[in-house]
Amino acid sequence: MAMLTDAILTYLIVAAAAGFVVWRIFLPLRARTWLRYALRGRKAPCATEPETGGCAVGCSGCSLAKVKRI
Amino acid sequence: MLHELPVRAFRVALVGNPNCGKTALFNALTGSRQKVANYPGVTVERKEGSFVTPAGRHIMAIDLPGTYSLRARSPDEAVARDVILGKAKSVERPDLMVCVADATNLRLMLRLVLELSGVGIPMILALNMSDIAEHRGIRIDVAGLARELGIPVVNAVAVTHDGTSALLGAIDGMLDTIGPAQASHWSEQSADEVRDAHHAADSMVARFVSSSAGATDWTSRIDALLLHPAAGIAILLAVLFLVFQAVFSWASLPMDLISGSFDALAAAVRSVLPDGMLSSLIADGIITGVGSVLVFLPQIMILFFFIILLEDFGYMARAAFLMDRIVGGVGLHGRSFIPLLSSFACAIPGIMATRVIENRRQRLATIMVAPLMTCSARIPVYTLIIAAFVPQQKMAGFVDLQGLVMFSLYAAGIVSAFVVAFVFRRWVWRGKSEPFIMELPGYKRPMLRSVLMGVLQRAFIFLRRAGTIILSMMIVIWFLSTFPGAPEGASDPAINYSLAGMLGHALQPLLAPIGFNWQIAVALIPGFAAREVAVGALATVYAIGGDADSLGAVIAAQWPLATALSLLAWYVFAPQCVSTLGVVKRETNSWRWPVLMFAYMLALAYAASFIVYQLARYLGG
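Protein sequence lines, in the order shown, are assigned to chains Y and A.
When you line the first sequence up against this note's numbering, it's residues 192 to 261, in that order.
When you line the second sequence up against this note's numbering, it's residues 13 to 633, in that order.
Read the hints as simulated data drawn from the structure, not as lab findings.
Don't take each hint at face value.
What the hints assert, rightly or not - If the Cβ cut is set under 10 angstroms, some of the chain A residues that face chain Y in the computed set are:
#1 S291
#2 S292
#3 I294
#4 Y455
#5 M459
#6 L460
#7 S462
#8 L464
#9 L483
Unchecked claim - Here are some chain Y residues the structure puts well away from chain A; computed CB gaps all over 12 angstroms:
#10 R215
#11 A222
#12 W225
#13 L226
#14 R227
#15 Y228
#16 A229
#17 L230
#18 K234
C-beta atoms are modelled at their ideal positions from N, C-alpha and C, and glycine is treated no differently.
Use the sequences and the hints to build the structure in full.
So this is what it looks like as structure tokens:
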């Protein structure tokens with residue numbers, strides 16, 4: 192039983208991490224916006240907000256890598 | 013039943029010359045923390061924030077890139093012009109403009125105010141940095157200026173908490189009486205009109221501004237030394253050299269502490285959790301992988317401390333001026349220096365900062381070489397290899413050898429950027445270079461609070477990145493390095509049979525001529541998403557492979573020196589950042605340039621690594 196719990200927890204963590212990597216790196220902003228809206232049961236707006244930072248994975252020194260609209 | 017109507021926010025645009033403190037004022041009004049620095053060209057796109065005035069009005073503030081005129085010669089100036097004239101698609105025309113002026117240097121702003129008076133939007137003139145002006149003995153007849161311009165004029169000090177109260181009062185006062193925006197009567201000024209506007213501005217400065225000569229003399233004396241063609245360059249090199257010495261010397265203690273903490277944490281996890289997949293995932297994948305990247309946080313903070321300090325002091329603008337001859341010599345624009353400088357943090361803001369360059373060919377050339385500047389994501393890779401292979405000793409009693417190697421790698425990035433720019437400008441984007449005109453900002457005493465805030469902000473960005481994308485990638489790499497397990501009776505380490513092992517072994521023949529083993533091949537793949545992930549990936553691969561020592565000790569024992577040098581050469585040139593390629597596509601509106609960038613950088617990286625590896629082997633490394 193302990194081994195099963197161990198395996199389930201491990202696979203869950205790996206699946207979540209893989210999902211996050213795909214979301215942040217491989218999905219373009221248009222697809223992410225569409226998905227976000229679809230999950231809330233709403234239709235995505237026609238024109239998405241421009242990706243001001245242009246950086247899918249963030250960066251280690253860029254002040255542009257954050258949301259501009261406060 | 014009454015329905016409360018939504019409150020309409022007034023739109024207030026901050027307009028002004030470059031480096032007059034618009035973003036500092038924007039931050040002060042909205043509580044935002046956008047990047048500010050003491051040189052022109054920091055803001056290249058509009059930023060929005062909101063605040064509430066003392067009278068309870070909701071205001072949407074728009075921070076615009078600096079401009080000297082609405083004639084808009086570069087893309088960043090076009091952003092400002094389009095918003096002011098109501099031509100921007102995604103933003104409504106402002107209800108009010110706050111013209112932000114550097115109180116120590118009013119002339120060009122007054123000329124812009126005269127031009128803006130024709131666009132049909134009410135204005136307030138905010139004399140920012142009025143405390144510095146007062147300190148320098150500059151006296152401004154605020155009432156006289158207001159009378160002459162026919163608009164409210166207020167003093168402001170954007171970097172202090174109470175420096176904006178007069179401005180907020182003036183905004184409320186203006187909004188009490190504001191009517192609908194009038195139609196714009198602006199049209200591009202003729203040469204005669206520009207000349208007349210300059211004369212009018214000169215006349216106003218002569219009548220309403222008086223100053224003592226002492227401050228100017230002091231600035232001139234410092235500039236005579238710092239901008240001297242020979243002494244200035246020597247001082248610049250010495251400053252950069254000292255910064256890298258400090259990065260290595262000061263960071264060693266906190267790095268040891270962080271490293272020790274993660275080792276202890278991994279050991280604690282192994283002792284608490286039963287042996288199994290979860291224990292290996294947390295200890296080998298998460299703690300070892302993320303810890304091996306986080307250990308470089310002190311070096312990144314020290315480097316940015318110095319960069320922000322020098323920016324605030326006003327030295328970086330002088331560095332741009334000093335470098336103009338070199339930068340211009342290779343065919344780049346003098347304004348290219350600031351984007352290249354920004355690229356030391358990350359190539360993405362650097363590439364975006366090229367919007368200040370008017371000439372398209374020079375802009376493209378700058379974009380293409382910006383990723384060759386050493387971004388902070390390379391620091392973990394460089395530091396790991398230098399610490400493992402370069403002895404920690406002093407040369408001539410005071411020069412730290414490791415710091416010297418780091419300095420050389422930065423220099424290699426700069427030199428290669430200039431060489432590549434020269435090649436592009438000579439054979440791809442031929443054409444005359446345009447002269448560089450930049451207004452040098454005044455020297456300012458850096459405010460420790462603002463410097464520390466900037467450093468903490470960058471540290472937070474690094475930590476957030478480590479806690480999100482790097483953490484996730486480490487987990488995925490752990491999975492790829494663990495599954496499938498070794499078959500029954502296998503004698504090799506289990507990782508050799510894993511997906512990562514198979515991938516690494518498949519790629520290794522391609523990388524053998526440059527001395528990379530299969531572990532490096534595995535680490536290079538996630539490194540394409542973000543360079544520093546390669547360090548965490550190496551740590552995970554070796555940890556799962558059964559190497560319990562620290563990553564530095566493991567690679568020092570297993571890699572020949574030639575491989576280490578080859579990997580350093582690879583990282584000077586390699587196009588290992590998909591985000592950079594994405595932003596190049598966006599900025600150039602074409603796939604041609606990111607593809608060219610990827611191809612030339614990959615070719616350079618392979619060639620450089622090949623030469624370094626073969627030469628080092630020939631010399632016995």
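For the restraint on L460/A, tell me whether the closest CB of chain Y is nearer than 10 angstroms. Violated. Min distance 19 angstroms.
Does A229/Y sit more than 12 angstroms from chain A, CB to CB? 22 angstroms, holds
Supplied contact hint for M459/A, tested at 10 angstroms Cβ to chain Y: Hint violated; M459/A Cβ to chain Y Cβ min 17 angstroms, cut 10 angstroms.
Hint check, Y455/A versus chain Y [nearest Cβ-Cβ separation less than 10 angstroms]: At 23 angstroms from the nearest chain Y Cβ, Y455/A fails the 10 angstroms test, so the hint is violated.
Verdict on Y228/Y as a residue remote from chain A, using beta-carbon distances over 12 angstroms: Its Cβ never comes within 12 angstroms of chain A, the nearest being 19 angstroms, so this holds.
Verify that the Cβ of L226/Y lies farther than 12 angstroms from every Cβ atom of chain A, and report whether the claim holds or is violated. 17 angstroms, holds
Satisfaction of the S292/A interface hint, Cβ to chain Y closer than 10 angstroms: Cβ of S292/A sits 8 angstroms from chain Y, so the hint holds.
Taking the closest pair, is the beta carbon of W225/Y still more than 12 angstroms from chain A? At about 18 angstroms from chain A, W225/Y clears the 12 angstroms cut-off, so the statement holds.
Was K234/Y rightly flagged as not at the interface, with every chain A Cβ beyond 12 angstroms? 20 angstroms, holds
Verify the interface restraint on L483/A: the C-beta must sit less than 10 angstroms from at least one C-beta of chain Y. Holds, because the Cβ-Cβ distance from L483/A to chain Y comes to roughly 7 angstroms (cut-off 10 angstroms).
Does the no-contact call for R227/Y survive, Cβ to all of chain A over 12 angstroms? 17 angstroms, holds
Holds or violated: the hint that I294/A contacts chain Y, with Cβ atoms closer than 10 angstroms. OK, holds: I294/A within 10 angstroms of chain Y, min 9 angstroms.
Taken one by one, the earlier hints fail for this structure at numbers 4, 5, 6, 7, 8, 10, listed in ascending order.
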